[in-house]
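Top to bottom, those sequences are chains A and B.
Just so we're aligned, residue 1 is where the first sequence starts under my numbering, counting upward by one.
Just so we're aligned, residue 232 is where the second sequence starts under my numbering, counting upward by one.
Simulated from the structure, these hints should not be mistaken for lab results.
Please read all numbers here as calculations on a predicted model, not as lab measurements.
Some hints here could point you the wrong way.
List of simulated lysine-lysine pairs, BS3-like, C-alpha gap at most 27 Å [unchecked claim]:
#1 Lys386/B / Lys258/B
#2 Lys197/A / Lys318/B
#3 Lys488/B / Lys197/A
#4 Lys321/B / Lys197/A
#5 Lys386/B / Lys197/A
#6 Lys321/B / Lys298/B
#7 Lys379/B / Lys197/A
#8 Lys393/B / Lys197/A
#9 Lys321/B / Lys457/B
Covered by chain A, according to a simulated footprint, are these stretches of chain B (three or more residues, beta-carbon under 8 Å) [claimed, not checked]:
#10 256-269
#11 360-374
Glycine included, C-beta positions come from ideal geometry on N, C-alpha and C.
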Amino acid sequence: MNLLEPTRRAFALLAAGDPRLVEAIWLSFWTSLVAIAIIAPPAIALGFLLAKRRFPGQRAIVVLVQALLSFPTVVIGLVIYLLLSRRGPLGFMELLFTPTAIILGYTMIAFPILVVFTISAVQGADARIYETARCLGAGRVRASATTLREVRFGVLAAVVNGFGRVISEVGAAIMVGGNIEGLTRNIPTAIALETSKGDFAQGIALGLVLMTVALGVNIALALLQGRGGLR
Amino acid sequence: MMRSRLVALWLAALFPLCAAAAGLDIKMATTTSTDNSGLLQYLLPKYEAKCHCKVRYTAVGTGNAIKLGENGDVDMIMVHARAAEDKFVKEGHGVGRRDLMYNDFVIVGPHADPAHIHGMKDLDAALKKIKSANAVFVSRGDDSGTNKKELELWKAAGVDPKGANYLAIGQGMGQTLTVAGEKRGYTLTDRATYATYKDKTGLEIMVEGAKNLLNPYGVIAVNPKKYPSLNYKGAMAFIDWLTSPEGQSAIASYRPKGAQLFFPDYRN
């Protein structure tokens, strides 16, 4: 198969701002960003709590969250599908095959990543920060905020990693989103479709965008971790 | 002495394997509908018992099946896209196309029937009503034979279906029916796949029996002059059987759940 020709057409499509491409790219970005914005605050708070406090069942929760990290995304897709389907308990909300369903899937996929990364960032921080803040008269919340400030690069790395994970996710997105053109067709599901149709130029163009995003995310991650490490 | 006997034994054991690999098998590319509906699983054992060969098939979209024939990856194709089939023969990829059978498409939709098309006989008018009622219509949108058919029907009705409630999902028939069920929308489907998804989706038949809802299948052997290594003889023997009275009545006798899905229509 000649790979050069579709690749050349891929760049032409990107340069021309092909509307189908732009729609898929835009959908991928906004659903990923909204999902991360929704789930980051509770996930970071939980990660902090699990790293700092000792309470009954704490270890069990940590193990559970870590197990969720390696949970197949298609199973998450299946669970959401069953919940949102017309015959499911939340069927009356008519959310299946909408961007909202995709966002819901993304939040569930990103949640354990954010929690686990936050735990390790907080545990890696000097425990004396918290104690010093307390000694200087800060309350628990204030002392926690000070610690979070000190590990902000680690926490940001968690957020960036979560974003990189959901934007490239295909299993749950195609199951609960339905891959509807102009509504729920995002970058990864469009690549899957165009390839099955034999339209490789579209697939390559979208693949390039996704790889650029992945590269950008990882460069950002490396920079953040580098700066965090210097402190 | 011992060794040469072992070699002879080994050769004897190998021989039937060689014979099997020597081209008795028939490779066929076909569409998902013949496979999903269970027709091939019903039909092939009947022929295989007769010819003492195996028919190996791959079930893909019509466009893809034709591609496999063009590339000489299969000995024959069984597809439903008349214009593309004629082009396939005209360009020298295949020889001796024959009508095999037809099944039919139906328009299905939700029980509430927001466009009020239930029982209509005039397909064009029904499509116009779906559009004017701004009802949800789910399209395969995957360039498959069914998708091409759907686009032809809209064109024939003089309606541009595009709009916020026209959902092209780029997936197979089963998934399209599932989305239509969830979105309470209409869609075009082959009767066989619909029969399987009827209970799961709650969709009902809205329009059926219109002339352009017929979906004819053809069989074509891949041109042996283009790919001499193909099993042309085997493919032609299979096509002869399919279009013989015996093969044709076998197609008609396939009635899952008591309903006939495919109607033989070969004429000399």
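Which hint numbers doesn't this structure obey?
1, 3, 10
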